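> Okay, here's what each chain looks like letter by letter:
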Amino acid sequence: MTDKKRIDDETGTETTGHNWDGIEELNTPLPRWWLWTFYATIVWGIIYTILYPAWPLVSGTTRGILDWTTRGEVAAQIEAVNLSNAEMTQSLIEVDLGVLERNEALHRFAVSAGAAVFRTNCSQCHGAGAAGVQAAGYPNLLDDAWLWGGQITDIADTVRHGIRSEDDPATRWSAMPAFGEMLSEEEIAALTTHVRSLSGLEEADPQGATLFADQCASCHGDEGTGDRTLGAPDLTDAIWLYGGTTEDVTYTIENARFGVMPPWGERLGEAQVRAVAAYVHGLGGGEAQVGTTD
Amino acid sequence: MSDAPLFAAREPIFPKRVSGFYRRLKWWIMGITLGIYYLVPWLRWDRGPALPDQAVLIDLANRRFYFFFIEIWPHEFYFVAGLLIMAGLGLFLFTSALGRVWCGYACPQTVWTDLFLKVERWIEGDRNARVRLWKAPWSLHKWRLRVTKWVIWLLIAMATGGAWVFYFADAPTLLRDLVTFEAAPVAYVTIAILTATTFIFGGFMREQVCIYMCPWPRIQGAMMDEGTLTVGYRDWRGEPRGKGNARRRAVAAEVGPALPVRYGAGADADKDTAAPRLSREGEVLGDCIDCMACVNVCPMGIDIREGQQLECITCALCIDACDEVMARIGRPRGLIDYLALDDRPPVLPGEHAPVRPFGNEVPEDQGAATGVPTPTAAARDGLDADATATTPIEGDPAPAPNAAEQPFTTSHSQDWTPTANWRHVLRPRTILYTIVWAAIGAGLLAALYLRPDIELTIAPVRNPTFVTLSDGAVRNTYDIRLRNKHGEPRDFAFSLTSDDDMALMLEGHAGVTVTVPPDATMLQRAYVIAPPETDAAQDERTTIGFTIRDTASGEEAHRETIFNGRGNNAR
Chain A
1 MTDKKRIDDE
11 TGTETTGHNW
21 DGIEELNTPL
31 PRWWLWTFYA
41 TIVWGIIYTI
51 LYPAWPLVSG
61 TTRGILDWTT
71 RGEVAAQIEA
81 VNLSNAEMTQ
91 SLIEVDLGVL
101 ERNEALHRFA
111 VSAGAAVFRT
121 NCSQCHGAGA
131 AGVQAAGYPN
141 LLDDAWLWGG
151 QITDIADTVR
161 HGIRSEDDPA
171 TRWSAMPAFG
181 EMLSEEEIAA
191 LTTHVRSLSG
201 LEEADPQGAT
211 LFADQCASCH
221 GDEGTGDRTL
231 GAPDLTDAIW
241 LYGGTTEDVT
251 YTIENARFGV
261 MPPWGERLGE
271 AQVRAVAAYV
281 HGLGGGEAQV
291 GTTD
Chain B
295 MSDAPLFAAR
305 EPIFPKRVSG
315 FYRRLKWWIM
325 GITLGIYYLV
335 PWLRWDRGPA
345 LPDQAVLIDL
355 ANRRFYFFFI
365 EIWPHEFYFV
375 AGLLIMAGLG
385 LFLFTSALGR
395 VWCGYACPQT
405 VWTDLFLKVE
415 RWIEGDRNAR
425 VRLWKAPWSL
435 HKWRLRVTKW
445 VIWLLIAMAT
455 GGAWVFYFAD
465 APTLLRDLVT
475 FEAAPVAYVT
485 IAILTATTFI
495 FGGFMREQVC
505 IYMCPWPRIQ
515 GAMMDEGTLT
525 VGYRDWRGEP
535 RGKGNARRRA
545 VAAEVGPALP
555 VRYGAGADAD
565 KDTAAPRLSR
575 EGEVLGDCID
585 CMACVNVCPM
595 GIDIREGQQL
605 ECITCALCID
615 ACDEVMARIG
625 RPRGLIDYLA
635 LDDRPPVLPG
645 EHAPVRPFGN
655 EVPEDQGAAT
665 GVPTPTAAAR
675 DGLDADATAT
685 TPIEGDPAPA
695 PNAAEQPFTT
705 SHSQDWTPTA
715 NWRHVLRPRT
725 ILYTIVWAAI
735 GAGLLAALYL
745 RPDIELTIAP
755 VRNPTFVTLS
765 DGAVRNTYDI
775 RLRNKHGEPR
785 DFAFSLTSDD
795 DMALMLEGHA
805 GVTVTVPPDA
815 TMLQRAYVIA
825 PPETDAAQDE
835 RTTIGFTIRD
845 TASGEEAHRE
855 TIFNGRGNNA
865 R
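From first to last, the protein sequence lines are chains A and B.
Heads up: the first sequence begins at 1 in the working numbering, then just goes up one per residue.
Heads up: the second sequence begins at 295 in the working numbering, then just goes up one per residue.
Some clues are possibly wrong.
What the hints assert, rightly or not - Computed footprint of chain B on chain A, listed as stretches where at least three residues anywhere in the stretch have a Cβ under 8 Å from a Cβ of chain B:
{"no.": "1", "segment": "33-41"}
{"no.": "2", "segment": "122-131"}
{"no.": "3", "segment": "139-145"}
{"no.": "4", "segment": "230-238"}
Stated by the list, open to error - Facing chain A, a subset of chain B residues (Cβ under 8 Å, in silico):
{"no.": "5", "residue": "A302"}
{"no.": "6", "residue": "A303"}
{"no.": "7", "residue": "R304"}
Hints listed in this document are in silico derivations from the structure and should not be mistaken for laboratory results.
Just so you know, these numbers come straight off a predicted model, no measurement behind them.
Where is the CB? At the ideal position from N, CA and C, for every residue including glycine.
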């Protein structure tokens, strides 16, 4: 394998003396600084593995004497952001929500934060686009129909205490009776026709109107326009929480609905509750605050 | 294993001072390029109070690039892409016409190395003095010279790194922050890195950067062809090389005049082209007197007479060095010159090749046999060849037995005329490159002048596609980006183009006018509401258009988009 090194005739270059079946290798030496650079990278690598997590162990890796982790870095970044936001967060907690929109910077801060809160906590039911799910009775938060009020303070209250939650004594509470046990099928059909006629989907039904006045008007109002203090929906508009077909309405009258939402006040904290309220209020259907003067 | 060294220490190179046309050209180019580099950040350009007044500024924080009257936004990065393509084509063009002209004249590595060499010569003296100093033991004198040189290099390197950061921030402000140690850490780190690289690359690595670190020599070598002008040695004219023996001059006169092949037809007849030089053995010699001037001035430490080499950056200093020697011995200039590889005397079948193969070193034994001297190691270092010209000594003439057999005396070659340089530059290949290059440039210019100052882009919100309101109306939501490239805030008035009577509402605004800050993009959410009975509310899709009008200038921008109605989704 190893021969004597010699000068190659063709090129005038010295050979390395390596010889494989007559094939020889020319020695064109690399610059020495290249070698030193290579050694430097090895030294760098050793230092790196001492400082940072590197060598795999049975569980996990060596920690490195700097004790650095990507998780730790993220935590530090979050901490830094929270710290830099502390002042704004405190302002948001203290501000009168009704006039939040007048403070443009704070409002923008609240809406941005609220968007993140919404995605994390609310989108599972209300959808990432906040359009709700009609089949499951999760309300669409984009439209201008509000069961319990569409002012920003109303929304914040709903988020804080939830709806029909047994965990929060201050929750919004009401319950519609299931009329399936109280009314005959014929009466329910008449009532269904009347309810649908309120928004112009069907012709009016006199029997249904009488039944409505007796059974429903106490909550939904004589005209069927609902009552926000009870969370009773407006039946005259074009929006149906659980669907407006004859089957849907019949089912609702027979069995009643009992939509619930957990209270978020404790879990999110006041700042995030206010932020998400500002976000939802700004989705297109928010109502102006009553009682504030401009 | 053998003990052959696999790694070699760097051979120090001591380029000698040279003067001449190319040296002067290089000084000029160095002055202009370094002047541009150091001074441009300090040029001012008024863009109004809201925008920076630095003529050339890469504002990374605000994502803007300012170049005199041009302002580039990130979404216009195609301008940068276009400029890069032009730079690439420009490199093709120059390389196919003039070889590694970039390496030789304009490359920062070459320019700064040249500057560092100038300092080195100024402090330590020319080649011989530097060689002596290099060999001398470390005395106080040597330390003083070395430290002085390093300090000056370091100052240049710091200025280089310092100038770089001024392109990324307002130069006067940054300079003040730098000297008061209030600038951002990244500025100091950048300066430190560029100072270190300039100092090491220009002072110590030099040709090692070109030979081992840089990919351009390989790439440019692939872009050249046999018609490309590059720095080369006219071996058919120079060989066989030798010091010559003046005592054989009279005899030589009888051999000539038969050497136009060396210069080509139409060569300067006044020059002493007729009388050949003869070696001590009476052999007819070429023009190369083997003075090593070309080797001594070479910053890459190579011998251009060995032909084209990877190491050659075509700095052309060997041309100057050789021209000076040719002038002194009364021969035409251009023994080493810009020439193309195909630009050489023809060889007829059955003849001696008048020259050895271009680019191949003559093996030592063959060189010895034909009397062509091969440079010894010492000669290549130039340590014993500092004299650039040897004056022939008058003496007794002697017969020249081999003279008649010299291959250069063949008569057919007298008709040979070298191709004019402009023919090498103006070739279909270079013309094509120029056309493509100019076309891209024209396209970029057109794009530059046609681009609008206000723009809008519309992203319809698709989750959900539409919202039914309590009165049965249908609402669509759009996220609209408004772009104001003016240096002052502008009011944009919205209007809606549609067949139906639809309502437009802007989130957070009572009317339909929004104010966009200067040189900024604003995100504005817009709601479009179609009343219940309109076609737009009932159809699945309707085309509508948004128009914004700059209330100050009347400029308009228009975009069409889709309005989603209930369509088949009707309850």
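> Confirm or reject each hint.
Cross-check of the supplied hints:
1. 33-41: As far as the segment 33-41 of chain A goes, the hint holds, because 3 residues have Cβ atoms under 8 Å from chain B.
2. 122-131: holds (count 4)
3. 139-145: holds (count 5)
4. 230-238: holds (count 3)
5. A302: 4 Å, holds
6. A303: 5 Å, holds
7. R304: Holds, because the Cβ-Cβ distance from R304 (chain B) to chain A comes to roughly 6 Å (cut-off 8 Å).
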